[in-house]
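Given these sequences and hints, build the entire structure.
Everything in the sequence shown is counted per the working numbering, starting at 83 for the first residue and increasing by one.
Keep in mind that the hints were calculated from the coordinates and are not lab data. Glycine included, C-beta positions come from ideal geometry on N, C-alpha and C. Check the hints yourself; a few may be wrong.
Label pairs and their in silico Cβ distance ranges [stated by the list, open to error]: (1) Thr144 x Ile183: 57 to 63 Å; (2) Ala154 x Pro189: 41 to 47 Å; (3) Ile183 x Ala216: 22 to 28 Å; (4) Ser192 x Tyr215: 17 to 23 Å; (5) Asp190 x Val120: 43 to 49 Å; (6) Val211 x Gly178: 55 to 61 Å; (7) Gly103 x Ile196: 50 to 56 Å; (8) Thr131 x Ser172: 28 to 34 Å; (9) Phe193 x Val120: 34 to 40 Å; (10) Tyr215 x Asp182: 22 to 28 Å; (11) Asp155 x Pro107: 57 to 63 Å.
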Amino acid sequence: MSDNITAPASGLSFATDDIGGTHYPRTKISVGTDGTAVDVSAANPLPITDVAGTAAISKLGTFKRAVALTEADSDLSERPDALYIGTGGSLTVRFGTTADITFANIPDGSFFNISPSWIGTASTVAGIVGLFYA
Numbered sequence: 083m084s085d086n087i088t089a090p091a092s093g094l095s096f097a098t099d100d101i102g103g104t105h106y107p108r109t110k111i112s113v114g115t116d117g118t119a120v121d122v123s124a125a126n127p128l129p130i131t132d133v134a135g136t137a138a139i140s141k142l143g144t145f146k147r148a149v150a151l152t153e154a155d156s157d158l159s160e161r162p163d164a165l166y167i168g169t170g171g172s173l174t175v176r177f178g179t180t181a182d183i184t185f186a187n188i189p190d191g192s193f194f195n196i197s198p199s200w201i202g203t204a205s206t207v208a209g210i211v212g213l214f215y216a
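The structure is reproduced here in structure tokens:
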């Protein structure tokens with residue numbers, strides 16, 4: 083139930099929710115152009131921008147298979163859905179026909195949400211495991 087509390091000195095009104103006799107401030111996110119404010123809702127969702135392209139979740143679930151991978155400078159027979167890196171270092175990969183990409187300073191025990199088609203011998207990581215959803 084929403085209640086209002088009037089500030090004694092100023093006469094301003096504040097919206098609260100009464101939960102078990104305690105008033106909690108009611109706070110809602112509102113967005114809009116300068117001079118306007120519309121509550122965020124299903125009809126007016128919070129606008130976000132995924133600048134780096136990293137927010138996409140391609141799959142959810144539990145990995146069903148794990149395969150040890152080695153750096154071979156050749157295409158993998160099957161592209162994993164993700165990688166586990168046992169011993170950290172740098173990892174050089176390709177995605178399809180892209181140029182080599184090197185990820186540096188990977189810590190031990192990292193999970194990498196990438197699906198490379200190739201792992202290069204320039205990599206210094208060890209204990210690479212390909213993880214598969216199917």
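request  = May I ask which of the numbered hints given earlier this structure violates, with the numbers listed in increasing order?
outcome  = 1, 2, 6
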